[in-house]
Every structure is written in structure tokens, then in C-alpha cells.
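Heads up: the protein sequence lines correspond to chains C and S, in order. Take the first sequence: its position 43, counted from the start at 1, is 43 in our numbering, and no numbers get skipped. Take the second sequence: its position 105, counted from the start at 1, is 105 in our numbering, and no numbers get skipped.
Think of the hints as simulated: they come from the structure by calculation, not from any bench. Since the structure is predicted, the reported quantities are computational estimates derived from the model, not experimental observations. Note that beta-carbon positions come from the ideal geometry of N, C-alpha and C, so glycine has one too. Mixed in with the good hints there might be a few duds.
[What the hints assert, rightly or not] Here are a few chain S residues that face chain C, going by a calculated C-beta distance under 7 Å: (1) H26; (2) V28; (3) W31; (4) D131; (5) R132; (6) I135; (7) G139; (8) T142; (9) A143; (10) F146; (11) Y150.
[Unchecked claim] Take a look, some chain S residues computed to stay more than 10 Å from chain C by CB distance: (12) A2; (13) G49; (14) F127.
[What the hints assert, rightly or not] Rough simulated footprint, nothing fancy, chain S against chain C, three-plus residues with beta-carbon under 8 Å: (15) 1-7; (16) 11-21.
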Amino acid sequence: MRRYLLVALWPAGIAAIAAATVIAARRAPVSPALATADDLADQETGPAPAGRPPPPPVSLKPSAGFPTGQRHSLTGCQASSG
Amino acid sequence: MALLGPTVVNHGPAIDEPIVRWVNSHQVKLWAAVMNRLDKIGNTWTTWGAAGTAAVCLGVTWRRQKWLPPAALGAAILVDHFATLALRRTFGRLGPPGSPGGTYPSGGCDRVVLFYGLIGHLLWREFSGTDRGKIWAIGTVTALSFNEAYGRAYLSKHWFTDIVTGLFYGGVLLGPFIAAVRLIAGPVRVHGGQGGHMLATAAADRASRQAGVRPRVTASDPA
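Same shape as in the complex, but just chain S (with noise of 0.2 Å):
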């Protein structure tokens, strides 16, 4: 991001600038309302709420290892909240108009795409595992971060550069995030719980059936 930095800081406004002067000139009060309300999900109190519920929650509900969901959220909130700041003061390049504060990266997109990822993927590791549960996982925090983002664009919070390249700062803060719980939690594992084993137990019923013999039936099961 260090090394991205100065591109967009000399190159950004050549594209920035038409962007947000069309985007004011084109804008309905109405739909603004509605996506100032949208827009919410990605401010700092926002996500770190989220952060701490879902550490809360994921913290009692995991078998093993019960320290790590509350460890990596609150070590991925330091971590984004500094190195942002780091970043912030580096370049130190002013917002749109009406919205100074607005600077490189936008730190509502990264923090969607931290956060939210994060705690998709503690959620699917555990209670998942399955290659449907990562699809939808990501599908959601997409959606999750396209709002985002085109919640800042069309409010003018924030430069169009700085939005693509707060999902990209996002991402990368992630990679490092998703690869140390991955480390210290070993491989996904598929679990069914009680839910997979009656549906694995009535898919093997239906086979039987299927094939034509008796379903086998064990002692213990009521007459």
C-alpha cells in the first residue's frame, strides 16, 4: 500500500475529480438518504461492534482452540486501525469536497472487507467447511463490500482511487489474517454436526430403499 501510495496521490485526481463532480451533479436526495443509512455497515464503530459481538459469540461456540476467533479479531482491529493511520499520515491527502477527512485508503472499504471476511471465514471453518459454505461466505461479503463502496462514491465520502484501493488494502490485510488462523487451527474440516449426520443417516436410509433391501435397523431403535 506504501508502494501504491504515491500513484495515486500524483495520478488519482485525473480520474477522481470528474468522477465526483458527476456523481454530485447526478444525485437524488431521496437515494442518498437511503444509502447514508446503507453506508453505515463500514464506520469504525460500526465494525469493530460487529468485531467484538462476533468474538463474543465465536469465542463460546468454538470446540477447540476458544481463544483464537476473539484473538484474531482483536489482533485484526490494532492492526487495521495503525496501519491505517500510518498510512493516513504518510500521504496525508485530503478527501473530496465536503468530506476532507476522506483520505487514502478508504478505510470504510477495508475494514468491510477485514472484518466482515474475517468473521465469514471463522464462521464457515467451523460450522461449514464445505466448498458451497465458502461460496456463499464470499458472496456475501462481496455484496457487503460493493455496498460499501458504492455507498462512499455516491455520497462523495471519498475519492474513487481511494475506495479501489481500500477493498484492495482490505484483501490484503486479510491474507495474512485468514493464513494465521489457518496455521494455528490446522486444515478446514467438514462438519456435518447433528444436522450433517441425519442427513447423512436418511441419505443412506433412501439408498437402501433405492436398493431394493431392508433398511438396516440397530437394536436400540425404537420398535
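If we strip away everything but chain C, and leave its shape as in the complex, we get (with noise of 0.2 Å):
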């Protein structure tokens, strides 16, 4: 019996250096330039409002050759035709 207790010190003790490894690094501070951004966001903006739904994905680019007067496929506007 006690030659398999002599064996299984080889997976305990990996296993144990493992889960010190996951602990600290679960504990450590998160990647400083994820952090930041975060930061800067919150700096620029101010801290989310709470129970105000996303606003959808918009583009500030024009897009070429758009006739005036169709509905426009993507953001959802009517131009105006005066």
C-alpha cells in the first residue's frame, strides 16, 4: 500500500503546484492595456447609465454613389427629397 502512496506523490504534487498557479494568476491584476482602455472610456464618457439599451452598430462614412430618394439598406433613413 504504501508504494502506491509513493506514487501518487508525483500527480499530488503537480496537481498542487497547478492549483497554486491557477490561484495566483486568477488573483493577479488583469492586463494593464486592458485596463487602460477600460480607463480611458470611463474618463471620456462617464460610468454606463444603468438600463439604457446599446445603440446600434453606426458608420460615419458616407457611402459613394447613393442614390437620394431609396431607403438606405443599412441605417435605416429616408432621404429627403425636398
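Relying on the hints, combine the two individually framed chains into one complex.
The following block contains the structure:
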């Protein structure tokens, strides 16, 4: 029986080291790149209000050759006909 | 290590001999065959091969001072080899029965800590630099060191005190190499790389959406 305890020492040791590594890694701070980006966004826009739905993605660049009087397929806007 | 040697040689047998006897009498043949395989990660030519491969790969992929990883790993091979030889000739301790070459200190444990530790450090400082990356690197080298120490003890290739001092000796050699790399290459910088840039962009976009404002879109972005 004792010989198998000696065998079990190897997986137990490796498991203990792996568990300690995972716990320490989870406690470590996240990447500074992510933290910086979040902080910058919060500084510019303020904290997120509760209950407000996220806006749809918006393109600021007008598409070339878009005919007037037709419904825009992406933004859903009706062009003014005067 | 030279100061520690006389103590280990004179007082070590009181600890080592009962351990070796007990381990020999409780060995499982199948597991011994498995450990004989896993134990090879600390062999001389295995570690030198790993160090040589890492030297080439890191020499190619480092952005600045491409000569530094090959120089550090080459110097580690030379320093470790001759320092260990000097210690062995100074103390001349015989290994356990069946492994007379297993002398003070354990070269396998020393090489695992030194070479894999140095490779891990060079990888971490070039490609990560984060606390989380450091923890993973330390955990990996610790697991490899435990595996090597266990294997050397289980197969009775070294006395127990030689294994413990071998791990310590590897750490003693690794410290100055890490300090020298830091001295030459400067303090560690956090590297995001392309993946880091993409993560940062995604985080900024997510924060904008949470704040209820339109995400910033540059004119160069595709419509």
C-alpha cells in the first residue's frame, strides 16, 4: 500500500503546483492594456447608465454612389426629397 | 554551495540513507519505467538541446538585442557545466548504490531550474511582461523542477540532500543570469502585441457601448 502512496505523490505534487498557479494567476491584476482602455473610455464618457440599451453600430462614413430618394439599407434613414 | 558542501557530505547520510532504502523497497516497476522517461528532461544533452533551440528561436524573435538570448543561454551552459564539475571534484561525494555518479549537487535538478527558468524568463520578458504571465512561467518551472526532483529520488539516482541542494544551486545560478539580462535589456515592459491592441480596442468599444455613446469610428474604417 505504501508504495502506491509514493506513486501518488507525483500527481498530488503536480496538481498542487497547478492549483496554486491557477489561483495566483486569477488573483493577479489583468493586463494593463485592457485596464488602460477601460479607464480611458470611462474618463471620456462617464460610467454606463443603468437600463439604457446599447445603440446600434453606426458608420460615420457615407457610402459612395448612394441614390437619393431610396431607403438606406443599412441605417434605415429616408433621404429627404425636398 | 561550497560552504554548504561539507555540511551535506558529513551530515547528509543520516537523512539520505533511510530515504533511499525506503524508496528502493517501495518501488513500483511500472511507475519506475514511467519516471525513467519523465526524468530525462533534466539530462545534460536534453537541457542543452532545449537551451540551444530556445537560443535560436529567441534570437530570431526578439525585437531588440537579438544577441542577448543566445549569449545568456550559452553563458549559462558554460558556467553551469564548469561550476558543477568544480563542485563535484571538490567534494567527490559518491552517489547512492547503483548510481555512483549521482554526486553533490544534483545536476539534473540544477539544470532544470537554471535552463528552463532562464528560457521562461526570456520568453516572459519579451512576449508578456505581465504579472499573470510571470505566475504561469514560475508555475511551469516549479512543476518541471518537482518532476525532476521526484524522478531522481524515486529512481535513487541521487541522495535526497543532493536533490534539495541541486534545486537550490539552480536557483543560485539563475538569479545572477536574470539580473544580468535585466541590467543589459532594461526593465521589463508589458507587451500587448497585435493581440493586445485588438483586446484594447475591443475593451474601449465595449466601454463606449456601456456608456450609451456611439463608438468612435475613424474615417479609415470600412463603411
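Taking the hints in turn, this is what the structure says about them:
Proximity of S:H26 to chain C holds as hinted, the smallest CB-CB distance being about 4 Å (cut-off 7 Å). Hint on S:V28 holds. Least Cβ distance to chain C is approximately 5 Å, under the 7 Å limit. Given hint, S:W31 at the interface with chain C, holds; its Cβ is 5 Å from that chain's nearest Cβ, closer than 7 Å. Given the 7 Å rule on beta carbons, the hint for S:D131 holds: about 4 Å separates it from the nearest Cβ of chain C.
The criterion of a C-beta within 7 Å of any C-beta in chain C is met by S:R132, whose closest approach is roughly 4 Å, and the hint holds. At its closest, the beta carbon of S:I135 sits 5 Å from a beta carbon of chain C; the interface hint therefore holds under the 7 Å criterion. Because the smallest distance between the Cβ of S:G139 and any Cβ of chain C comes to about 3 Å, under 7 Å, the interface hint for this residue holds. A least Cβ separation of about 5 Å between S:T142 and chain C falls short of the 7 Å threshold, and the interface hint therefore holds.
With its C-beta approaching chain C no nearer than about 5 Å, S:A143 sits inside the 7 Å limit, and its interface hint holds. The restraint placing S:F146 at the interface with chain C holds, with a minimum CB-CB distance near 5 Å, inside the 7 Å limit. Satisfaction of the interface hint for S:Y150 is found here, the shortest Cβ-Cβ separation to chain C being roughly 5 Å, below the 7 Å cut-off. With a cut of 10 Å on Cβ distances, S:A2 stays outside the contact zone with chain C, its closest approach being about 30 Å.
Taking the minimum C-beta to C-beta distance to chain C, about 23 Å, the non-interface status of S:G49 holds against the 10 Å cut. Consistency note on S:F127: stated as away from chain C, and its beta-carbon is indeed over 10 Å from all of that chain's, at 13 Å minimum. Coverage of a stretch by a chain is defined here by at least three residues with a beta carbon nearer than 8 Å to that chain's beta carbons; for the stretch 1-7 of chain C and chain S the count is 5, and the condition holds. For a cut-off of 8 Å, the count of residues in the stretch 11-21 of chain C with a CB near a CB of chain S stands at 6, and the three-residue condition holds.
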